[in-house]
Amino acid sequence: MKNKIVYLFLIVFSLSVTNASAGESESDLNKRVRIHDLLLKIYLAKHQNKQAVAEYQTLLKLSPNNPALEYAYANYLYKYGNVKESIAHYRKAFECAPDNADYAAKLGSILFYAKDYDGAVSAYTNACRIGGSRFQPQLNSALQYQASIRAAKNAAAAAAARKSSDDSDN
Amino acid sequence: MIYILLLILFCLNLSSAKADQSQSDAVGETGSITLTRIYTKALELSKLGQKSAAILQFKKAIAVNPDFVDFYIGLLNASIDQKNWSDVSYAVQNIFRLDPAYKPDYTIDYGEALYHLGKYDEAEANLKTALTYIDKNITSEKLHKEAQSKKDKEQEVITKKLETTTPPPSSSSPSQANPSSPQANSSVTNLDKSAPVNSENQAQETPKDIYHPAKRPDQDAKKIVEQYRQSYEAALKSESILLAQYEGYDKTDDIRYNHPPKAYYHIKKVLKGPPLNASLPIRYDFHLPKDTQAPPNWKFSSDIMPKPGSLWIIFIENALTKHGMYETFEGSYGRQEANDENLNKIYDLIDKSSGQ
Chain A
1 MKNKIVYLFL IVFSLSVTNA SAGESESDLN KRVRIHDLLL KIYLAKHQNK QAVAEYQTLL
61 KLSPNNPALE YAYANYLYKY GNVKESIAHY RKAFECAPDN ADYAAKLGSI LFYAKDYDGA
121 VSAYTNACRI GGSRFQPQLN SALQYQASIR AAKNAAAAAA ARKSSDDSDN
Chain B
1 MIYILLLILF CLNLSSAKAD QSQSDAVGET GSITLTRIYT KALELSKLGQ KSAAILQFKK
61 AIAVNPDFVD FYIGLLNASI DQKNWSDVSY AVQNIFRLDP AYKPDYTIDY GEALYHLGKY
121 DEAEANLKTA LTYIDKNITS EKLHKEAQSK KDKEQEVITK KLETTTPPPS SSSPSQANPS
181 SPQANSSVTN LDKSAPVNSE NQAQETPKDI YHPAKRPDQD AKKIVEQYRQ SYEAALKSES
241 ILLAQYEGYD KTDDIRYNHP PKAYYHIKKV LKGPPLNASL PIRYDFHLPK DTQAPPNWKF
301 SSDIMPKPGS LWIIFIENAL TKHGMYETFE GSYGRQEAND ENLNKIYDLI DKSSGQ
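Residue numbers (this note's numbering), protein chains in the order written: chain A, 1 to 170; chain B, 1 to 356.
Please keep in mind that the hints were generated in silico from the structure rather than gathered at the bench.
Quick caveat: nothing in here was measured; it's all calculated off a predicted structure.
Ideal Cβ positions, reconstructed from N, Cα and C, are used throughout, including at glycine.
One should not assume that every hint holds.
To be verified - Derived list of chain A stretches under chain B, where covered just means 3 residues or more per stretch with a C-beta under 8 angstroms from a C-beta of chain B: (1) 27-36; (2) 39-52.
Said to hold, decoys possible - Straight line, CA to CA, 27 angstroms or less: simulated DSS-like cross-link-like pairs of lysine-lysine: (3) A/K50 <-> B/K136; (4) A/K31 <-> B/K272; (5) B/K262 <-> B/K251; (6) B/K268 <-> A/K46; (7) A/K46 <-> B/K269; (8) B/K223 <-> B/K251; (9) B/K269 <-> A/K50; (10) A/K153 <-> A/K115; (11) B/K119 <-> A/K79; (12) A/K31 <-> B/K83; (13) B/K268 <-> A/K50; (14) B/K47 <-> A/K31; (15) B/K128 <-> A/K41; (16) A/K31 <-> B/K145; (17) B/K83 <-> A/K46; (18) B/K128 <-> A/K46; (19) A/K41 <-> B/K290; (20) B/K142 <-> B/K153; (21) A/K46 <-> B/K322; (22) B/K119 <-> A/K31; (23) A/K41 <-> A/K61; (24) B/K119 <-> A/K41; (25) B/K161 <-> B/K151.
Turn these sequences into a full structure, and let the hints guide you.
As structure tokens, then:
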């Protein structure tokens, strides 16, 4: 709860800082956010992807470090196959809300499907640390994959070393 | 201790109730004691968070006087809290009808209501308009001030026109000194042929009095106001001025003189105002607002409509749709053929006004 309050305070603070730097009254900034949020919903409803992406980007500029927005944009990008960029935004969402186990777990699952098992293990470890044992099964399977990949890599390295020593003997 | 506190609270409540009663008994801005009571009750209910009951009271007030903007503002605020989007849309439309200067304040609410009502295209257009208000730093306060100064200027123009159309003859002229002379009589009858001629009154009235704006017959003043309304100078005050191509209209069976069809135009250029969707639905009025009486034997036929592909200058007084259509400035006057002469005229006026 305490963390949430601190985090809310940070969001409000960051909003007010950007706001002051832009030389715009807070109500105008809030109005802009509200308008672009509605435009985004309209474009999503009309499946106008190009316009929707533009609205996401505008909203991210207007309210930077907004974890919910980063997360929503990451989901949107992943849905339309832009995995690389979606991972960056999942990471940003988790960075902005480091006490959110769901964000960490989502990042873990995306990295897992992208076959980045080291990254997945690290993200799931964070999820377990914050959210408890409910993410343990995912962490275990990521660890298994990580171990098997490491074993395969080690075997390949050993085979390569053996081959090179045989070559030098001959 | 608790009893004392309760007693104090009770006394406070009683005194505030009395104060409220006396306040609601005032005529107030609504001009009616009953309406003020309903309105005050609605505001109180709204403050107490009883939004549904407040909405009912605001609607009750609107039923009695549908032309009081504050009732709609109250209804809007209560309806937003209830997420009653059809009431929000209804309230905003009426706020804009009664006072377009409120557009910067409520266009976002209107856009949100339209979004929730599934009218995505209209919502998008309104939200973009709301953005331009912020970008250009247009506020309701500024628009209210501008509207007031425009009103004052219009009044000045009308007064000047009334004074200059028929200049007052000099009092030294023998014909005016004697109103019964033929010259003097002819000028009086030219002014207002329909007015009953009272020879006694004429004899008592000096010609200068007759030409004075305040003493001129109402019909003349109305004529001048109408002439001014149907001019490019007045049309220039429209929120949107567009160059658009006529595409066609909705062919329905019930097209009447006072029930025009929805016509479709395609915007080629925005001469003034916020960006709108390229596809422009227009209420194709067949007449000026005052000419509601259809000419004898008037019948709709497709020949009345413009040639598809023809270019038009469209003046839209309030860039908001009503029943999915934009209404043009002064009915049929708000559609002007985009010929060289008209285009030159409008570009010239826009240039001049932007220079100001």
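Hints and how they fare:
Counting residues of the region 27-36 of chain A whose CB lies closer than 8 angstroms to any CB of chain B gives 5, so the stated coverage by that chain holds, three being the minimum. Coverage of the region 39-52 of chain A by chain B holds. Counting CB-CB distances below 8 angstroms, 5 residues qualify, and the rule asks for three or more. Of the supplied pair hints, the one linking A/K50 and B/K136 holds, its CA atoms being roughly 26 angstroms apart against a limit of 27 angstroms. Using a Cα cut-off of 27 angstroms, the hinted pair A/K31 and B/K272 holds, with the two alpha carbons roughly 24 angstroms apart.
Proposed proximity of B/K262 and B/K251 is supported: the alpha carbons are some 9 angstroms apart, at most 27 angstroms. For the proposed pair B/K268 and A/K46, the alpha carbon gap of about 24 angstroms is at most 27 angstroms, so the pair holds. In summary, the hint linking A/K46 to B/K269 is supported, as the alpha carbons are separated by about 25 angstroms, within the 27 angstroms threshold. Distance restraint check for B/K223 and B/K251: the Cα-Cα separation of roughly 36 angstroms exceeds the 27 angstroms cut-off, and the hinted pair is therefore not satisfied.
Using a Cα cut-off of 27 angstroms, the hinted pair B/K269 and A/K50 holds, with the two alpha carbons roughly 24 angstroms apart. Pair hint A/K153 plus A/K115 holds up; C-alpha atoms about 14 angstroms apart against a cutoff of 27 angstroms. As the CA atoms of B/K119 and A/K79 are separated by approximately 26 angstroms, the hinted pair is consistent with the 27 angstroms bound. Distance hint between A/K31 and B/K83 is fulfilled; the C-alpha atoms sit about 18 angstroms from each other, no more than 27 angstroms.
A hinted pair counts as satisfied when its Cα atoms are at most 27 angstroms apart, and B/K268 with A/K50 qualifies at roughly 24 angstroms. Distance hint between B/K47 and A/K31 is fulfilled; the C-alpha atoms sit about 24 angstroms from each other, no more than 27 angstroms. For the given pair, B/K128 sits about 14 angstroms from A/K41 by alpha-carbon distance, which is consistent with the 27 angstroms threshold. Taking the CA atoms of A/K31 and B/K145, the gap is about 23 angstroms. The hint holds against a cut of 27 angstroms.
The suggested pairing of B/K83 with A/K46 holds, with an alpha-carbon distance near 22 angstroms, which does not exceed 27 angstroms. A threshold of 27 angstroms between alpha carbons decides the hint, and for B/K128 with A/K46 the separation of about 16 angstroms falls inside it, so the pair holds. For the hint linking A/K41 to B/K290, the alpha-carbon distance of about 42 angstroms lies beyond 27 angstroms, and the restraint is violated. As the CA atoms of B/K142 and B/K153 are separated by approximately 16 angstroms, the hinted pair is consistent with the 27 angstroms bound.
Between A/K46 and B/K322, the direct Cα distance comes to roughly 22 angstroms. Compliance with the 27 angstroms bound is thereby established for this hinted pair. Using a Cα cut-off of 27 angstroms, the hinted pair B/K119 and A/K31 holds, with the two alpha carbons roughly 20 angstroms apart. Proximity of A/K41 to A/K61 is assessed by CA-CA distance (about 17 angstroms); at most 27 angstroms being required, the pair is judged to hold. Restraint check: the Cα-Cα separation between B/K119 and A/K41 comes to about 12 angstroms, which is no more than 27 angstroms; the hinted pair holds.
For a cut-off of 27 angstroms, the pair hint linking B/K161 to B/K151 stands: about 15 angstroms separates their Cα positions.
Figure legend: structure checked against the earlier numbered hints; hints not met, in rising order: 8 and 19.
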